[in-house]
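Enquirer: Could you build all of it, start to finish, from the sequences and the hints given here?
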Amino acid sequence: MPPKKVPQKTGKLDPVWAKPEDLKKPETVGERTQQRINLSTPYHGKDLNDLTADELKIYSHTNLIKPISEGKISLSVKAEREFWKVVNKEKLPIRHVRDNYDWGKDKNGKDIASYTIEELNQRKVKQARYRALSLFSRQFVHLRDQAKRQGAELAETQIEDERKRRREMAALKKDLYGELTAKLVQDPVYDDIIPIPMEEPENALARIAYPDFYAEAISYLRAVMVAEEYTPRCLRITEHVISMNPAHYTVWLYRFKIIQVLDLPIPDEIEWLNEVALNNLKNYQIWHHRQLLLDYYYPKIADDEDAVKKLAKSEIDFVNQILAEDTKNYHVWSYRQDIVAKLGIWTVAELGSTQNMIEDDVRNNSAWSHRFYLVFSDPSQSTKDASPTEHDPKVPESIIERELKYTRDKILLSPQNQSSWNYLRGVLRKAGRGMSTEEGFASQFAECLGEEGEKVTSSHALEMLADASVETGDAEKATLCFTRLAKTWDPIREGYWQYRISQLKEQ
Amino acid sequence: MAAAISQTGAAQTSAYDIPELFRMRPVVVDALETDSSAMQQDTIEECLPFLLGEEDLGPRNNHGIPLLDKQRHLNFLRKQLGPLPGAFMAADPSRPWFFYWCLAAMTLLGEDVAFYRNKLVETVRPMQNATGGFAGGQGQMSHLATTYATILSLALVGGEAAYDVVDRKSMWHWLGSLKQPDGGFQMAIGGEEDVRGAYCASVIISLLNIPLDLPAESPARAAGHSGFFSGLGDWIGQCQTYEGGISAKPSVEAHGAYAFCALGCLSIIDSPHRSIPRHLDLPRLISWLSSRQYAPEGGFSGRTNKLVDGCYSHWVGGCWPLIEASISGPQEGFAAEAVTPATEAGSLFSRNGLIRYILCCCQDLSKRGGMRDKPSKNSDAYHSCYVLSGLSSAQHKWTMKSARLDATVLGSDEWVVTPYLEGQQIFSEDDRLATTHPVYVIPQHKADGIRDYFANKAGF
Ligand SMILES: [Zn+2]
Numbered sequence: 001m002p003p004k005k006v007p008q009k010t011g012k013l014d015p016v017w018a019k020p021e022d023l024k025k026p027e028t029v030g031e032r033t034q035q036r037i038n039l040s041t042p043y044h045g046k047d048l049n050d051l052t053a054d055e056l057k058i059y060s061h062t063n064l065i066k067p068i069s070e071g072k073i074s075l076s077v078k079a080e081r082e083f084w085k086v087v088n089k090e091k092l093p094i095r096h097v098r099d100n101y102d103w104g105k106d107k108n109g110k111d112i113a114s115y116t117i118e119e120l121n122q123r124k125v126k127q128a129r130y131r132a133l134s135l136f137s138r139q140f141v142h143l144r145d146q147a148k149r150q151g152a153e154l155a156e157t158q159i160e161d162e163r164k165r166r167r168e169m170a171a172l173k174k175d176l177y178g179e180l181t182a183k184l185v186q187d188p189v190y191d192d193i194i195p196i197p198m199e200e201p202e203n204a205l206a207r208i209a210y211p212d213f214y215a216e217a218i219s220y221l222r223a224v225m226v227a228e229e230y231t232p233r234c235l236r237i238t239e240h241v242i243s244m245n246p247a248h249y250t251v252w253l254y255r256f257k258i259i260q261v262l263d264l265p266i267p268d269e270i271e272w273l274n275e276v277a278l279n280n281l282k283n284y285q286i287w288h289h290r291q292l293l294l295d296y297y298y299p300k301i302a303d304d305e306d307a308v309k310k311l312a313k314s315e316i317d318f319v320n321q322i323l324a325e326d327t328k329n330y331h332v333w334s335y336r337q338d339i340v341a342k343l344g345i346w347t348v349a350e351l352g353s354t355q356n357m358i359e360d361d362v363r364n365n366s367a368w369s370h371r372f373y374l375v376f377s378d379p380s381q382s383t384k385d386a387s388p389t390e391h392d393p394k395v396p397e398s399i400i401e402r403e404l405k406y407t408r409d410k411i412l413l414s415p416q417n418q419s420s421w422n423y424l425r426g427v428l429r430k431a432g433r434g435m436s437t438e439e440g441f442a443s444q445f446a447e448c449l450g451e452e453g454e455k456v457t458s459s460h461a462l463e464m465l466a467d468a469s470v471e472t473g474d475a476e477k478a479t480l481c482f483t484r485l486a487k488t489w490d491p492i493r494e495g496y497w498q499y500r501i502s503q504l505k506e507q
Numbered sequence: 001m002a003a004a005i006s007q008t009g010a011a012q013t014s015a016y017d018i019p020e021l022f023r024m025r026p027v028v029v030d031a032l033e034t035d036s037s038a039m040q041q042d043t044i045e046e047c048l049p050f051l052l053g054e055e056d057l058g059p060r061n062n063h064g065i066p067l068l069d070k071q072r073h074l075n076f077l078r079k080q081l082g083p084l085p086g087a088f089m090a091a092d093p094s095r096p097w098f099f100y101w102c103l104a105a106m107t108l109l110g111e112d113v114a115f116y117r118n119k120l121v122e123t124v125r126p127m128q129n130a131t132g133g134f135a136g137g138q139g140q141m142s143h144l145a146t147t148y149a150t151i152l153s154l155a156l157v158g159g160e161a162a163y164d165v166v167d168r169k170s171m172w173h174w175l176g177s178l179k180q181p182d183g184g185f186q187m188a189i190g191g192e193e194d195v196r197g198a199y200c201a202s203v204i205i206s207l208l209n210i211p212l213d214l215p216a217e218s219p220a221r222a223a224g225h226s227g228f229f230s231g232l233g234d235w236i237g238q239c240q241t242y243e244g245g246i247s248a249k250p251s252v253e254a255h256g257a258y259a260f261c262a263l264g265c266l267s268i269i270d271s272p273h274r275s276i277p278r279h280l281d282l283p284r285l286i287s288w289l290s291s292r293q294y295a296p297e298g299g300f301s302g303r304t305n306k307l308v309d310g311c312y313s314h315w316v317g318g319c320w321p322l323i324e325a326s327i328s329g330p331q332e333g334f335a336a337e338a339v340t341p342a343t344e345a346g347s348l349f350s351r352n353g354l355i356r357y358i359l360c361c362c363q364d365l366s367k368r369g370g371m372r373d374k375p376s377k378n379s380d381a382y383h384s385c386y387v388l389s390g391l392s393s394a395q396h397k398w399t400m401k402s403a404r405l406d407a408t409v410l411g412s413d414e415w416v417v418t419p420y421l422e423g424q425q426i427f428s429e430d431d432r433l434a435t436t437h438p439v440y441v442i443p444q445h446k447a448d449g450i451r452d453y454f455a456n457k458a459g460f
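Top line first, the protein sequences correspond to chains A and B.
Quick note on UniProt numbering: the first sequence kicks off at 1 and runs consecutively.
Quick note on UniProt numbering: the second sequence kicks off at 1 and runs consecutively.
Calculated directly from the structure, the hints in this document are not laboratory data.
Small disclaimer: the values here were computed from a predicted structure and weren't measured.
Idealized CB from N, CA, C, for every residue including glycine.
Check before you lean on any hint, since a few could be wrong.
With a cut-off of at most 25 Å between alpha-carbon atoms, the simulated PhoX-like pairs for lysine-lysine come out as follows [said to hold, decoys possible]:
#1 A:LYS174 x A:LYS124
#2 A:LYS107 x A:LYS91
#3 A:LYS85 x A:LYS57
#4 B:LYS374 x A:LYS282
#5 B:LYS70 x A:LYS282
#6 A:LYS107 x A:LYS164
A few chain B residues that don't get close to chain A, going by computed Cβ distances all over 10 Å [unchecked claim]:
#7 PRO93
#8 TRP172
#9 HIS173
#10 ASP213
#11 ALA216
#12 PRO219
#13 ALA223
#14 GLN238
#15 GLU243
#16 GLU253
#17 PRO277
#18 ARG278
#19 SER366
#20 LYS367
#21 ARG368
#22 ASP413
Expert: Right, dumping it as structure tokens:
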């Protein structure tokens, strides 16, 4: 007796309508889906006239049982028994795989149908992990609310676990769907803040498509500002906003308020600020913030001479560090003047440090301006609040002479440098001296004026000679200087030189 | 007369009538090289091909000047007012500036911007704070710069629906809280105090017809000030530096942008021929302003030994009408055909130099459009606004015909504008822009429109 054929329990029983390509191992998800469709819908897509009687029977039976297997029609017990008999006998497919099934695309726009089976499985594992994590996360919120109702709080370790959980969820979300989770929702510390999102009309002018993470941060910032909350977590929100947009003036003013309310240590804030400043050289809100900090901090240490000196040194050091990168940064120089006045840095070292910058670039007008301030606003040797354009009898003669000599030296180095000439004029004003006192010096840069072999190596010297002549009433010489400037040595300013000439005639 | 257009393009440099001044490197140059001189040298080399006609900027006239490509620039400005990508995130606190820059620039180019009225009104309404003033965006703090930009934008689109957005009473309180004991204004509560604040506040007060009396709670009252403008001129006077220019606040470096703000402010608190010489050393200021113009570039720089930049066409260029008014005073007999000196030297600065720099170097004639700092920089809304303002100012002559009798009657100086027709006209007549008021930097009738509206309102 031949051995009885034992039906394979593990292997599939291939239906008679299966085509060879439906039976090979699928490589991609899409292929597998197609196979399942083919196996569950016998002879689909075939011309019915081409089918044999048996095939036609299977085809029509499959369609007949569909409404029943899908539960659309309910049968009596007897009829149902009959139904299953037929189904089993003919091995008809009970479950029908929907045609045109769309697996969708992943975050990179790749069709998931083109995934390998293994890839799909990995994705499914991640999705399951995400679902599990969100379950735990919801549980955390529930527990915390419960604790709160009882006037208690969760342990820091629980909060830290939740923080980690949310970070993992964010990573999974990004990995699976390419969706970025905003930063603040990842930290349970912010859970009770109800963000106030910006609501703009669709057609608002210059409407900016803010990135989600920025929009989130701003909406949290707005919420805590409206609530007038000044707590460490708010400080962290400001830091987060500043890291994205340091030009946001409101966040800086709010941050300063938090620092005041919490009475935070200013040196720490300054240290943090240094980092921000180095990364944002052109930003000026940083420097106003720094000034506010100093205004607030100085009275606390004013009586401690050493502390003031130490602060002055560290501030100047930092300012120098920034100026080394950006030698004419207006706001940094402006800040430097503030701290000189506030911390009393009227020192030889400060003068020297400015001098170094002039040595590096004798045309650095910001450095010259700072020098003028240091010399002529020093309270020990100048009149308080004297205008920069006025004679100040309190400035010692020795200082005037020192400045004149310094400036003349720099002019000799670079005669056509307007910074040093302007400085020279400034010093003469402070000294109450006329331009004519420098006529001798200026003459060397303008030889044989109006004559054969005229040679001008500084149009600024010529301008000074003109002004000196106006002063001494020598209209003829002044006219000559102005004319030579207009025609040859500085003709872009012709209109101005002509105006000066016309003024001479009025006198 | 319109200059004839040559179709020869860039090739025939010698065919252009370009004065030597704008073709040659400066005659007086020091041998000593430093960072500043190297950068200046680079800038000259960068600009020269544009000035000489070597750079292809489309058709140039026989003065070597390319046309002003208005459509291209208008397109750029329209885009800047439309939806902006996330890269503009940094502009979040300064969006009202975009409204002003774009609307003002479009107006200068001849566009009627009333079309934007509803959109503007709906956009700025939520930026106004109940405590007064407009912020850079929703939920931010009110700021003088953004309030200034918003008010000017509302004036530009015009109409009651725009004017009525402003809550003047809370504005009055808020401005009062910004006025400082030393006479100046903070930009925001707790913000920095500088000359911009003085200018922005005085423009807002003047255009909105805000009562000049300080509210009772103003911190300035402690120092004995009772009015918004009390001590303001003196405070600005302290901002003049030894160079003659104006700094952001007392004792800092002279800077072109602050010069305009200072003169604009002084021209609001009284007529310029009285207030400017009263508070500033005018001869030193004029000399400093004049030395901001460079050749061969033709444009203005903002500080001594810094580079030319298109935006100073306004910040420095826009000072001249106010300087002229402060020198000459009111010209009671002025008629449009009045004679001015025959040469270009009738101006205190080289108008043609500035026009050359603007049309040759500041236009972005690529697909992008818009105006820029200098050829190596990208165009933006800010430079478009101030380059075009400067161009308009160079193409026109503003004369103060009569001065107010009483300093406190703001906006009652009568200004008259005529096309500047002296000397050689190097630009095509089609490229003459619309006019803009020398103090408010919007067209005169727009400034009158908003001021008249509020002048007729009794109380708040
Ligand atoms: Zn600029």
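Enquirer: All the hints need checking, so say for each whether the structure fits it.
Expert: Hints, one by one, checked against the model:
| no. | hint | result |
| --- | --- | --- |
| 1 | A:LYS174 x A:LYS124 | 15 Å, holds |
| 2 | A:LYS107 x A:LYS91 | 41 Å, violated |
| 3 | A:LYS85 x A:LYS57 | 15 Å, holds |
| 4 | B:LYS374 x A:LYS282 | 19 Å, holds |
| 5 | B:LYS70 x A:LYS282 | 32 Å, violated |
| 6 | A:LYS107 x A:LYS164 | 23 Å, holds |
| 7 | PRO93 | 5 Å, violated |
| 8 | TRP172 | 22 Å, holds |
| 9 | HIS173 | 18 Å, holds |
| 10 | ASP213 | 27 Å, holds |
| 11 | ALA216 | 24 Å, holds |
| 12 | PRO219 | 15 Å, holds |
| 13 | ALA223 | 14 Å, holds |
| 14 | GLN238 | 7 Å, violated |
| 15 | GLU243 | 5 Å, violated |
| 16 | GLU253 | 4 Å, violated |
| 17 | PRO277 | 13 Å, holds |
| 18 | ARG278 | 13 Å, holds |
| 19 | SER366 | 22 Å, holds |
| 20 | LYS367 | 20 Å, holds |
| 21 | ARG368 | 17 Å, holds |
| 22 | ASP413 | 23 Å, holds |
In summary, the structure is inconsistent with hints 2, 5, 7, 14, 15 and 16 from the numbered list given earlier, while agreeing with the others.
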